[in-house]
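Each chain, letter by letter, is given below.
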Amino acid sequence: MDIKRNYYEDIELFKSNTILVWSILFLIFLAILPWLITKYHLLGMSLYMVNLITINAIVAIGLNILVGYTGQISMGHAGFFALGAFTTVILVLNWSFPLWIALPIAGFTTSVFGFILGLPALRLKGPYLAIATLGFGMTITTIIKHMEFFGGRMGLQAPKLYLFGTPMKDIHYYYAIVIIAVLMVIGAVKLIKTRVGRAFIAIRDSDIAAEAMGVNLTYYKTLAFAVSAFYTGIAGGLFAFILGFINPESFHLIMSITFLAMVVVGGLGSIMGSIAGAALMTFLDIKLQAIQDIPAIGPALVTFSEKYMSVAGISNVAVIVYGLIMILIVLFEPLGIFGFWIRTKKYWKTWPF
Amino acid sequence: MLGQLIVSGLAVGACYALLAIAMVIIYKTSEVLNFAQGEMAMISTYVAFSLLDSYHVPFEWTVVFTFLFAILLGMFFELVFLRQAKDPTVIGLIIITLGFEMILMGFAGWKWGPDQRSFPFPVSNIEAYNFHGLIISKINFWTILVTLVLMFVLFLFFRYTKLGTAMRATQQNQLAARVMGIRTKWILSFTWAISSMVGAVAGMLIAALGVLDPPMMMDPLLKGFASGVLGGMTSLPGTAVGGAMLGIIENLFGGYVSLAFKSAVAFAIIVLMLCIKPSGLLAKHYVKKV
Amino acid sequence: MHQAKWTLSETLCEKGLTYPLTLALSPVGRGQGWGKNLRKEEDKKMLKRTLVSLSLLLVAIFLMSAPGSAQQRGVTDTEILIGQWGPQTGPAAPWGAVARGTDLLVKIINEEGGINGRKFKYFLRDDSYQPAKTKAIAKEFVEQVGDRDPRGVFAVVGGVGVACGMTARDYLMENKVPWCGPVTGVYEWITPIQKYLFAIYPLYDDEAFNLTGYLYEKLGYKKIAMFYQNDDYGKQGVMGVERYLLKKKISLVAKISAEVTDRDLSTHALKLKNSGAEAVIMWAMPTHGALILAETAKIGFKPQWATSNTLSDSALMIQITKGLWSGMINSNFGELPDSNHPLMVKYREAHKRLAPQERWGVFYYAGIIFAEPFFEGVRRAGKNLTPETWISAMETLKNWQGIGPPITYSKPKTPMDRQGGKHVFYGKVKPDGTIQKLTDWIQITK
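Protein chains in written order, with the working numbering: chain D, 68 to 420; chain F, 6 to 295; chain S, 25 to 470.
Keep in mind that the hints were calculated from the coordinates and are not lab data.
Please note: incorrect hints may appear among the correct ones.
To be verified - Only pairs whose alpha carbons sit at most 16 Å apart, straight line, appear in this in silico EDC-like list of lysine to aspartate or glutamate:
id : chain 1 : residue 1 : chain 2 : residue 2
1  : S       : Lys346    : F       : Asp58
2  : D       : Lys192    : F       : Glu36
3  : D       : Lys106    : S       : Asp173
Said to hold, decoys possible - To spell it out: a stretch of chain D is covered by chain S in this simulated footprint if at least three of its residues, at any positions, have a beta carbon under 8 Å from a beta carbon of chain S; those stretches are:
id : segment
4  : 109-117
5  : 148-155
6  : 383-391
To be verified - Derived DEER-like restraints, expressed as beta-carbon distance ranges:
id : chain 1 : residue 1 : chain 2 : residue 2 : range
7  : S       : Lys246    : F       : Gly8      : 48 to 54 Å
8  : D       : Arg190    : F       : Leu84     : 31 to 37 Å
9  : D       : Pro171    : F       : Gln89     : 43 to 49 Å
10 : S       : Ala374    : D       : Val369    : 15 to 21 Å
11 : S       : Tyr211    : D       : Ile275    : 54 to 60 Å
12 : F       : Phe157    : S       : Ser350    : 39 to 45 Å
13 : D       : Arg190    : F       : Phe157    : 31 to 37 Å
14 : F       : Gly186    : D       : Arg190    : 42 to 48 Å
15 : S       : Arg267    : D       : Val369    : 45 to 51 Å
16 : D       : Tyr375    : S       : Lys246    : 52 to 58 Å
17 : F       : Gly186    : D       : Tyr375    : 43 to 49 Å
Backbone N, C-alpha and C define an ideal beta-carbon position, used for all residues, glycine too.
Let the sequences and hints guide you as you build the complete structure.
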């Protein structure tokens, strides 16, 4: 079942019947998730958090296309995120575009900037590329900060959206975001399986060899940046609306680093991995501070802090744990969460050998 | 005003250059971009602060103990985290350093609390030397001096000593270096130790110029990257020159063009430099052979 | 080896646009895959099973409908739930002290038996000054905290950060959650007028206006410059200063801004010196305060400095400026740390007992200042505590004072009716870091 008999089998969306059934079950799960969350308070999550996770997943997939599949690096994706957010809000606020038109336009605008970033990236590799993208991301945020058109330092308030007359609540946003996310996931999976995807992977494995084989480096590298920026831009637009108020200050370097962490922790080169990575990192980011509330560990931490550390800084334990998890996953499973999954699958498949 | 801007630019550029030197040392040997550089320096500075403030250790001894701590910190990081990584990719290494940065920042915030502190440095930032109307504070003067000396010493070290040559060899081809008899693992630890020490020096000077608090090195780190890019990530004199230039350009821009966009200059320089001459001003560009 | 021809799907993918379309239009891919296999027995069974469980689930959804709850959110006969977010970690961590200060006040009140027979349960959350997290915390406060339905807090007190608060504001207001005392003095809390939002922090704009007036008229400084941080806080300060100077038909001799992350202020200091200002008004954060003072002292520029109450923690400032802070004029929004006001004595004693490790700084007991009016409102609302009764109670506060400014609210006809704190007083910093009062409480907002 793993061996493909011809090219068309290789590029089909669902490799086997099992995957199709699980996909359908997962979609059903997604459909009833809002009800599960509000009724049973699953893991202490709110629908807003699920929305945030999905948005981060879209960014992670976009970033993975660039980093995992094309082998580039980007530490400036917060800039694209900000661009997408601000463009969408301005389109809706000033010119009353409906959201479903404003989002793709914002996506395309962002991908233009992605293309621009891709141009110098052609000659850069590794650490130099990381710094260049870092600089690019911060320049975008600084420019947005100083332009009054974008609301200046005070930020912009995202307008209220109405769906057939009723104001949109978390649950409406949820379905809209999930539908968009599913479309983008299908798009990404399909993209990887086609010529374009193969070109990306070839560039990642050895760009000189790829060029020798006829892959147009300029075209495909900039395309990778553009596609990645497109995904991030759309996610940014959605983010602006679930947050309600955007401020250029909040799109900082730490956000870029978090996106990168999601991709690496989830698994480079794996769409499912990026979704899992986004889910894990977002969840940890918001919920890790609950460490202080755990019955046994909490008070122990407090007494320990009183003796050797400062009580004022006790919330930093969450930051330490977050960094530690990041490092441990990268150290012990370079393929990330996806690597864990593959290993578990292999273990079950080859048992009892 | 022009003269004063240039002199202040040199002073602040020296700080950036120190951090950049620390980064370049690591980059020269293991091609890893150390994003945790700033926080490692910050923790060493906090240790110095504790020694000076709570235990009243005299300054000279504090410096010695801080250096010891920095060396141990650098070696600890290299041993425990980096060495465990099996066949790491560039981006995997970046994530590891970023994770370490978070751990260190969280640890500093936890141990010493988030309030700003004043770092008791024996040389004052207020008293200044006055050369024909150009004012430069004592600390600024010493920073420039220390940077120049350090840069010179390290440059000679890398170029002319056996150990320095061994380090350069390890960067160019680790396997070949091991075949030639160089103990690469030890070299790597040593590199991190030296880099951490230089970082500690940078941290103490920067804290003396301003305030000591956990996020104090976040901005200097980025400026350090910019200096490294400007001058060349593989060239020590290059980064010092890069730092000086960055400081001067920033100040001139702030003084004559726009104070508001001053901090964006560093990033614009990074992007421009990488477009025009990626390897930096003073570094040789090594083209990888296929 | 036959050449793989481009299918329709590949061409479309190549253009990179119509992904859903390709999925629909690639019959070759689909037919080869699962169409055939569906004839197998196990897969038919699986599909059947899925359909059955799905329909059961739908039935279950219809049968289980949660009945609406009539109880007030966050209030029981014995407990009232309140929450606050704050930057406990990250670059803004020093302001996390505010949320911890409110914790002290809650402990004190609970020790005294609570209010009207109810004790308080206080939820402190860390948002690291990131609005995305603040929104998550706001949702948690409204939808999840507590262990009985309906979930949620009764009210939110305090809350540092404008961007953070703005993310949460509309959500809290829509859900009719009372919010008392955001810890920033910006207009966004009172315009547009919010029924459930009660602001306490004196407005930066008015504070700057009045401070400039004090320097110009009372102290006689005519050449005034401004050094400010480039964000909403700094910009609203500039607004106030320029509004006053406009009245006098003069302008600032220098208007210098710095970015939050800037650590090198030598150029800023140089420009200030070259402007020849006699007094410089500073609207910045502690780190910048320390840096600019060091830089100007270095080049020999010693004007009269004046600043807002964000830098009123003079004990901290005198330390990090190595003594240069002496002589600074700043406004204050609460009793001085060493004051002998009976409430301050009581709070200090409780602090020594319950939270000795915390520094008794201005922004620690600011957490008390911005929560006191809330608790007074609860007291006045009586046993029947709902948002409406609490609001009516708050609107009866006229010049009520705890350790903060005198608080006055009224029915919300104008924005200022929801601006409780309208006074500050000025002080000058002495060489030992304590403040000497220069004036009594001055009204800055009409």
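How the hints compare with the structure:
| no. | hint | verdict |
| --- | --- | --- |
| 1 | S:Lys346 - F:Asp58 | holds (14 Å) |
| 2 | D:Lys192 - F:Glu36 | holds (12 Å) |
| 3 | D:Lys106 - S:Asp173 | holds (11 Å) |
| 4 | 109-117 | holds (count 5) |
| 5 | 148-155 | violated (count 0) |
| 6 | 383-391 | holds (count 3) |
| 7 | S:Lys246 - F:Gly8: 48 to 54 Å | violated (30 Å) |
| 8 | D:Arg190 - F:Leu84: 31 to 37 Å | holds (35 Å) |
| 9 | D:Pro171 - F:Gln89: 43 to 49 Å | holds (44 Å) |
| 10 | S:Ala374 - D:Val369: 15 to 21 Å | holds (18 Å) |
| 11 | S:Tyr211 - D:Ile275: 54 to 60 Å | holds (59 Å) |
| 12 | F:Phe157 - S:Ser350: 39 to 45 Å | holds (41 Å) |
| 13 | D:Arg190 - F:Phe157: 31 to 37 Å | holds (32 Å) |
| 14 | F:Gly186 - D:Arg190: 42 to 48 Å | violated (36 Å) |
| 15 | S:Arg267 - D:Val369: 45 to 51 Å | holds (48 Å) |
| 16 | D:Tyr375 - S:Lys246: 52 to 58 Å | holds (54 Å) |
| 17 | F:Gly186 - D:Tyr375: 43 to 49 Å | holds (45 Å) |
The structure fails hints 5, 7, 14 (numbered hints given earlier, in ascending order).
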